[in-house]
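Q: Mapping of the sequence shown onto the working numbering: residues 1 to 578, in sequence order.
Among the hints, a few may not be true.
Stated by the list, open to error - Below 27 angstroms or equal to it, Euclidean Cα-Cα: the simulated DSS-like pairs (lysine-lysine) are:
#, residue 1, residue 2
1, 438, 338
2, 180, 24
3, 180, 391
4, 180, 248
5, 50, 86
Claimed, not checked - DEER-style ranges, computed between Cβ atoms:
#, residue 1, residue 2, range
6, 28, 230, 35 to 41 angstroms
7, 136, 77, 37 to 43 angstroms
8, 493, 463, 16 to 22 angstroms
Hint data in this document are derived by calculation from the structure and do not stem from the laboratory.
Ideal Cβ placement from N, Cα and C applies to all residues, glycine included.
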Amino acid sequence: MDVKEQIKRSISIVDVVSLYINLKPAGRYLKALCPFHEEKTPSFFIMPEKNTYTCYGCNRFGDVFTFIQEIENISFSESINFLIEKFNIPVDKTFNKTSVKKDDYLNINEIVLKYFKDNLFNSDEGKKALEYLKNRGINSDSIELFSLGYAKNKWDGLYIYLKEKSCDIKKTVELGLIIKNEKGHLYDRFRGRIIIPIFSESGRIIAFGGRTLLKDKSKYLNSPDTPLYKKGKYLYGFNFSKKFIREKGESILVEGYFDVISLFQNGVKNVVASLGTALTDSQIYTLKRFSDNIYMFYDNDKAGISAIIRGIGEMFEQNVYPRIISYKDLKDPDEFIKKRGVKEFNKLIDESFDAFSFLLNKADLDFNWRTNPEKIRDAIEYIKSFIYKMKDPVVQVQYIRRAADYFKVDEEEFKIIRKGFSKNNSQAKELKLSVAEKDFLEVIVKMPELIPEIKDLFNEEIMSVLVSKNILNLIFQNYNYKTNEIDDYKKLSEEMMESEREVFNKIFREKDNIKKNKIEFEEKIKYSFMKFQDKLNEKKISEINKKIRIAERENNLNIIRDLVKIKTQYIKDKHKQQ
């Protein structure tokens with residue numbers, strides 16, 4: 001019997017798929033929301049008798065191997081090894097596990113983690129790092145569970161170690177562990193930092209985060225996008241907490257690594273963090289697969305409140321209606337759980353606000369419309385912007401009624417605007433920005449003096465793939481080179497379409513909550529521009545694919561050959577940028 005058959009006889013498709021999504025009975029089958037595409041109604045079905053799955057929404061189908069290949073983004077041979085290790089499957093001695101080649105990048109990350117852990121426990125600097133963790137209340141069990149480590153304050157500590165281990169240095173650069181500067185010099189990304197490994201859903205090391213112990217402007221530093229890791233796709237701690245989220249039917253969403261570690265250590269185990277990025281559709285959908293009941297437990301400051309509000313908007317768009325945990329006097333969940341304990345935390349859960357109540361309270365505070373009645377219009381417009389993010393019209397009507405009752409106005413106040421958001425009105429259609437575009441706009445609105453350095457990079461080709469191209473053009477046109485400022489923000493926003501103005505005004509309102517950090521901003525600009533170029537390459541590849549199909553119909557081999565060469569070059573360029 002070959003290895004493939006041994007695996008199939010040892011585990012069922014249900015065992016494998018239930019690691020990733022919540023399955024519900026559907027007659028002879030089991031159903032769930034598809035993990036491969038976003039949907040509201042389950043179209044993903046498991047057929048236990050055949051040991052296969054099918055999604056009628058995105059037309060994916062297959063067996064245990066196909067599923068693992070798709071969801072873990074690995075090869076067939078790697079899926080075999082993955083399943084053997086995950087389910088501890090005994091295989092014939094004739095099977096040589098070493099023949100199943102592990103991903104080189106994952107191997108490097110494992111080697112690197114050993115280095116960081118060894119630094120933590122077996123170096124003088126590591127003793128100070130352990131003392132820091134102890135002072136933060138992190139015990140030895142948590143240090144072990146979350147595989148915490150330490151990066152020495154050296155420019156080449158990891159680099160020398162990796163060379164001694166005969167690692168492919170080019171791959172370590174691609175993983176963001178080693179940085180190559182313009183002169184070709186190589187040095188460590190993480191220096192003088194507590195290291196927090198970031199795991200995939202199945203527990204594989206895909207990236208690292210670092211908390212500085214030095215006087216560094218960047219308190220936290222994370223791996224960049226790599227062949228293994230994409231910002232905004234993963235949730236920190238999800239590999240540990242998904243089992244508990246499924247059991248409890250609810251998740252606690254926090255912002256930071258140590259929020260997760262402290263809560264988990266103190267018994268709140270259904271907790272995840274958004275990895276320092278604005279909450280994304282992908283992260284919400286990951287949580288939604290296990291439960292719609294999401295509690296937002298964010299930092300107790302302006303930035304935390306702003307992040308909650310952004311997150312509520314993102315969740316409303318996915319028909320998720322979170323609850324908000326509110327607390328006083330303490331700065332973050334990490335501090336709260338240490339000082340108040342799990343009993344007080346459970347009280348916070350019971351006293352939590354539904355997201356819409358939170359927004360109504362925010363409108364009261366921001367516009368003070370009860371004392372200043374002339375501000376009621378602004379407060380209503382603020383709440384409307386969230387109501388129209390809701391995709392389900394039945395739910396939307398209920399919230400319109402609730403808002404109208406709260407403000408003591410007619411429901412028509414909301415319905416009039418609603419007409420402007422009809423699908424036939426292209427100008428009022430909601431502007432959906434990528435994370436990269438949103439980050440880029442936030443940076444140049446907060447720090448417009450960077451505009452002269454980057455403006456010339458935005459040619460017609462790059463602009464053609466940006467949803468925010470009109471906003472950017474207006475910003476560039478209204479930049480004053482003498483004052484290094486953008487002239488008249490109000491006038492600028494008036495020149496935009498309604499959907500553009502809504503996005504721009506939101507970013508402008510929140511700019512004071514963003515700390516000014518030139519180094520961090522420049523990194524964001526580089527990352528965003530790389531994403532823009534990536535999007536342009538995808539557009540060009542798509543156009544070439546169309547031409548190839550036409551040439552294939554005409555059986556024009558010369559044109560096909562030329563087009564394939566051009567396409568290959570674009571693909572190479574794309575991978576260079578990643």
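Q: Among the hints numbered above, which are violated by the structure, and what are their numbers in rising order?
A: 1, 2, 3, 4
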